[in-house]
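Just so you know, the protein sequences line up as chains A and B, in that order. By the working numbering, the letter at position 356 of the first sequence is numbered 662, and the numbering carries on one by one without gaps. By the working numbering, the letter at position 30 of the second sequence is numbered 1517, and the numbering carries on one by one without gaps.
Think of the hints as simulated: they come from the structure by calculation, not from any bench. Each residue gets a CB set at the ideal place from its N, CA and C atoms; glycine is no exception. There's no promise every hint is true.
Label-pair ranges, simulated between beta-carbon atoms [what the hints assert, rightly or not]:
hint : chain 1 : residue 1 : chain 2 : residue 2 : range
1    : A       : LEU539    : B       : ASP1641   : 50 to 58 angstroms
2    : A       : GLN443    : B       : LEU1504   : 46 to 54 angstroms
3    : A       : GLY697    : B       : LEU1508   : 55 to 63 angstroms
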Amino acid sequence: MSAELVGVIGIGILVVLLLFFRMWIGLAMALVGFLGLLYLQGYKQAFGVISTVPYETVAYYPMSALPLFVLMGVIVGNTSIGEELYYTVYKWVGSLRGGLASATVLACAVFSSITGSSATGTVLMTKVALPQMRKYQYDDALATGCIASAGTMGILVPPSMGFIMYGLLTEQSIGKLFMAGLLPGILLTVLFICAITIIATFRPEAGPAGPMVTFREKVVALKKIWHVTLLFLLVLGGIYGGIFTPTEAGAIGAFGAFVIVAITRQLTGKIFLDILKESVTTSAMIFLLIVGAFIFMRFLGVSKLPFALVEIIQQLQMSKYVIFAGIILLYILLGMFLEIYSAVTFTIPIVYPVIVALGFDPIWFGVVVVLVIEIGLITPPVGMNAFILSGTTGIPLATVFRGVVPFLIAMVVCIILLAVFPQIALFLPGTM
Amino acid sequence: MKIVDCIARIAGLTAALAIFLMMLLIVADVFLRAALSKPILGATEITEQMMVAVVFLGFGWSALQGKHLKVDLIVSYYPQVVQRVIDLVIIFVGLVLVAVMSWLTFGATLTVQRLGIMCSYIGVPKYPFYALATLGWGVLLVVMASLFVKNIKDGAAR
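So here's chain A without its partners, still in its complex pose (with noise of 0.2 angstroms):
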């Protein structure tokens, strides 16, 4: 049996465990590259593996940024910080039709850029916005549909969990990585909120204005998101400026959100517990599956199957927009059925030399990869996000994704928009 095709067997086996016996993730990456090697180097080899390999990738200095992004972005969400971000937006355009909504988006968008992951946003989002959309008698569709789709830009607006994974699993950049993803999470945010404005202008009744406030109200309620901006120009600024690497900005991140909860007052000792165990347990999480990828990448490496598939592509003499195309349908596929670390770690040691051999670049394809996964969260069967909405408010789950129909437009949009104009994710990296 040739190598290229034990390395088949192994995705085909792996694809089973995970979809059909339902075994840890990381667990099955790691239990299908120690078989793979065992059959193809022998034991000596496939043992040295399994002996090192966990140790060596979690004892490098660039993954101590997970477990720290990890921190940073708990206790900011145990906190009232996004709160106060909502209700301070919320007087900005609360007032305009389908304003409520809007102000969602921009919230989401702007508590995005301290936190990285997706449930974050969704979840405080339907603690705080959902009441007063359906306060003001807002469309239950368009309500969740919003609150489902701008929680998704937390993988999207840096600093983002998916970018660093990323980041990690290719040995790109995480700086630029975070940095690319700025000017797509800013325009995904402004085509999120033309699709409002759309259904608002269309169909009132689904948006309805929320109430005046004055502008003395307005700037009164700014000050109230000063930490936000702080966390934010902290993070970035210092990594933008190349005063600490991005690895140091999840500790600095993490650190500054620590001050702020003392400063407010928000941080009890229990409160401090619960932070740190939420980010062991989840950095631990994350990790298993890190591990697991990396024992599968090297026996994927060892079956020479990635480099056989990029001769295979090359050998179509297709159009590589084609392969492209078909890359993106996979990942949206995978999307539906795994959360952005599984589908990350998943794909990435397949699909990443094809990407790199057809000449796209690997930077942009990080940005197209977390929007497509984005997709993932909100479209059935295994909409994560739509889950959690209706899981947390009873809304039937049809509604929820009968309301992101809108919002998925957009994100299709944004992806075409990226394709012809890959300025747009490449241009903030090209200056650092």
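Take the given structure of chain A and dock chain B to it, following the hints.
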């Protein structure tokens, strides 16, 4: 199972302490470097070894709270009995794998000690950190064993 909870919790709290200290170390390093041009010597290497505590000691705690990711899409449609059997088999397979990983990491610890491998900059032996990784796998092993037993007990109770 209280003892297993306790072991996982202690390991997890050690990881929690490590993540907090790691944050402080990096912040101090950045501050001293940026403000006084005097970075902490070996901060990178210390962080790397702290990561071992943060990650490996958290594995068990995370497992105990059901945080490790799996795809529930198809299996959740199987009959309850089939689901239970699948879970038992898969936990057992995982248990064997983690046992192998623990054993091999322990072997690596002894090798690193025998060869006298040191952290190149701070001059500290590396084997205690390999031992910490072994401990982390060990805690995960114990937690998985407890999950296995719990599954059998739950099945028998029904």
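Evaluation of the provided hints:
| no. | hint | verdict |
| --- | --- | --- |
| 1 | LEU539(A) to ASP1641(B): 50 to 58 angstroms | holds, 52 angstroms |
| 2 | GLN443(A) to LEU1504(B): 46 to 54 angstroms | holds, 50 angstroms |
| 3 | GLY697(A) to LEU1508(B): 55 to 63 angstroms | violated, 36 angstroms |
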